[in-house]
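Guided by the hints, dock chain C onto chain Y, whose structure is given.
Listed below are the residues making up each chain.
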Amino acid sequence: MNGGTSSEGALQVGGPDERGRYGAFGGRFVPETLTSALEQLAAQYESATADSTFQDELDDLLCHYVGRPSPLYFAKRLTRHVGGAQIWLKREDLNHTGAHKINNTVGQALLTVRMGKRRVIAETGAGQHGVATATACAHFGLDCVVYMGEEDIRRQAPNVASMQMLGAEVRPVCSGSRTLRDAVNEAMRDWMSSVEQTHYILGSVVGPHPFPRIVRDFQAVIGRETIAQCRRQLKRLPDLVVACVGGGSNAAGMFHPLISHSEVELVGVEAGGRGSQAGQHASPLCLGRPGVLHGSFSYVMQDEDGQTSPVHSISAGLDYPGVGPEHSYWKETGRVEYTSCTDNEALDAFDLLTRYEGIIPALESSHAVARGVRLAAKRPSNQAIVICLSGRGDKDAAEIARLRGSREST
Amino acid sequence: MSAIDQLFDTLRSTGRKALMPFVTAGDPSLGFTMDVIRLFAKRGCHLCELGIPYSDPIADGPVIQASYTRALQQGVKLEAIFQSVASLRSQVAMPLVGMVSYSIVYRQGVDAYVTRAKQAGLSGAIVPELPIEEAGPLAEVCRREQFSLIQLVTPTTAWDRALRIAELATGFLYFVSVTGVTGERTQLPSDLVDKVGRLRERTDLPICIGFGISKPEHVRMLAPVADGLIVGSAIVRRVAQAKSDARS
Chain Y
53 MNGGTSSEGA LQVGGPDERG RYGAFGGRFV PETLTSALEQ LAAQYESATA DSTFQDELDD
113 LLCHYVGRPS PLYFAKRLTR HVGGAQIWLK REDLNHTGAH KINNTVGQAL LTVRMGKRRV
173 IAETGAGQHG VATATACAHF GLDCVVYMGE EDIRRQAPNV ASMQMLGAEV RPVCSGSRTL
233 RDAVNEAMRD WMSSVEQTHY ILGSVVGPHP FPRIVRDFQA VIGRETIAQC RRQLKRLPDL
293 VVACVGGGSN AAGMFHPLIS HSEVELVGVE AGGRGSQAGQ HASPLCLGRP GVLHGSFSYV
353 MQDEDGQTSP VHSISAGLDY PGVGPEHSYW KETGRVEYTS CTDNEALDAF DLLTRYEGII
413 PALESSHAVA RGVRLAAKRP SNQAIVICLS GRGDKDAAEI ARLRGSREST
Chain C
17 MSAIDQLFDT LRSTGRKALM PFVTAGDPSL GFTMDVIRLF AKRGCHLCEL GIPYSDPIAD
77 GPVIQASYTR ALQQGVKLEA IFQSVASLRS QVAMPLVGMV SYSIVYRQGV DAYVTRAKQA
137 GLSGAIVPEL PIEEAGPLAE VCRREQFSLI QLVTPTTAWD RALRIAELAT GFLYFVSVTG
197 VTGERTQLPS DLVDKVGRLR ERTDLPICIG FGISKPEHVR MLAPVADGLI VGSAIVRRVA
257 QAKSDARS
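Protein sequence lines, in the order shown, are assigned to chains Y and C.
Going by the numbering used here, the first sequence runs without a break in its numbering and finishes at 462.
Going by the numbering used here, the second sequence runs without a break in its numbering and finishes at 264.
In case anyone wonders, no lab produced these hints; they're calculated from the structure.
We put the CB at the ideal spot given by N, CA and C, even for glycine.
You may find that some hints are simply not true.
[Claimed, not checked] Reference excerpt, derived from the structure (chain Y facing chain C, CB under 7 Å, subset only): (1) G79; (2) F81; (3) V82; (4) T85; (5) T87; (6) S88; (7) A102; (8) L110; (9) D112; (10) N237; (11) R241; (12) V344; (13) D357.
[As the list claims (entries may be wrong)] Label-pair ranges, simulated between beta-carbon atoms: (14) H116/Y x R254/C: 20 to 28 Å; (15) A258/C x E98/Y: 51 to 59 Å; (16) Q90/C x A450/Y: 32 to 40 Å; (17) E221/Y x Q99/C: 44 to 52 Å; (18) V65/Y x A174/C: 28 to 36 Å; (19) M167/Y x L179/C: 50 to 58 Å; (20) A213/Y x Q90/C: 35 to 43 Å.
Next up, chain Y with everything else stripped away, as it sits in the complex (with noise of 0.2 Å):
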């Protein structure tokens, strides 16, 4: 893998290979104290995997726990006035807990006590993550202790309380950015004392293999839901699919079981935060470069001794330094565009699906509904665009609040 990252031969969908590489991507980059267990998860996969009791309890705690399928939901209003494509929501806000999240989180506690693990950590930027992780851990009762950075705890209080209300302990993290990629590392160190009874279910698809497979295989019912949502309710496939990326999850999940479909464009949106200059944002694949970070290779922003930068976002669920390793091979493919939208796109996109659909969408969502709006001005009404709606905005209303104070005073 040294510095090739080519993609030869035909564009692998199935992957990754027992390596975990998509591509030249992906990997297992971590202390040699994690290599069993990952050995032990990736073989404990596999055989739930082929498992019908496990794809049918699972299958039956998505329906009536989590509450899918999730709906397709024609924006007609905001159609209307953007005057372009027609305008669909993939409506993962109105799951239980009100992300996507909680898809990833269910089957990954099944899993757990598949392999008689009692105890769980999780990591959260957002909050969406650790509460969907405290919500499937108080369902199966298991112990969870959920890494936080504290500069997030701050901007989501609402989800610091509820998780704590779901009986998961919230340990603070006051390590370098004080924000989603320093709980990484925390709940990576967790993990390497506690590895023998301790589950760590990764909230995106990053981190090593098996990790960003695992978290995509779950979150590939909203792809899958789509494509046969879009077949009833609009007779085809969509021409174009539009997801936000942080460690991208959504967009896996998304985009996933769309890949094969090559008259499907995708689009995956990053944080542009403020600007495209060092540290004002959150977007690996349009301005970072291929490197290590958290276990996988994948894009990632580091200067050039191969640290970490600084990375900001209005949003914390896409305030993170990488990228799951599968979207660098899509990347590198061409197979899905990246693109990025500013924290002020983000905001205006926010109250325009606000106001015009009864929908408050959560601001990691509004990045995709900002290009999504954008690219289906451009386009002839006969076209459709899915726009995936990852998470709804309730937990955000007080920090838009009060960036709104500081705008206005400004």
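Quick look at chain C alone, frame taken from chain Y:
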């Protein structure tokens, strides 16, 4: 043969064990770190592990992590570390090994990193998050350059895997004493001596034990079975303490 191979040959022939301290490069300054290394050599340490500060060290506990953060806040850069090491080389014969993240090595390029590190006077590398499955490209360059690539075996490593790691490692085998991150421990696992002893029978490579070692009784317990002992956080903590005492 690298300087590390020579060191253990000499120690073994005289029945001695290696004391291997760890120090962070650039906490609080590179000048201070180089003074500490000179002192290590003068006091009879055999090999020094030089921690190259990294922003996201997942294998490190709070003491070394905080030390890395302080060093990076001082603006320590890789090239400055290499230059300091190079200027020290004429004064200190004790081998130096870089403890370095693969994120840093990869960013430089595997070839460029090894070439520069060797030229500066480092004798090898410990790359804590590079398991054998991913170590191929670096191991190849290290072999070619006769630059030791020290690999780690941990309490969670299966027996057959430990043997494979021992085959691929050069310089010495780093036996991690505990399941966890770096940092001082009051007690070390009771089966540690047996585990190292078992491995000892299957490899000629020197075996050095690290993580958690912080007390004289640890040394008494482990010295008979190991070729060397690595002391990290216990030193980093005292160095930081000495520095803040000197200021007040």
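Task: Earlier hints that do not hold, by number - done: 7, 8, 9, 14, 19
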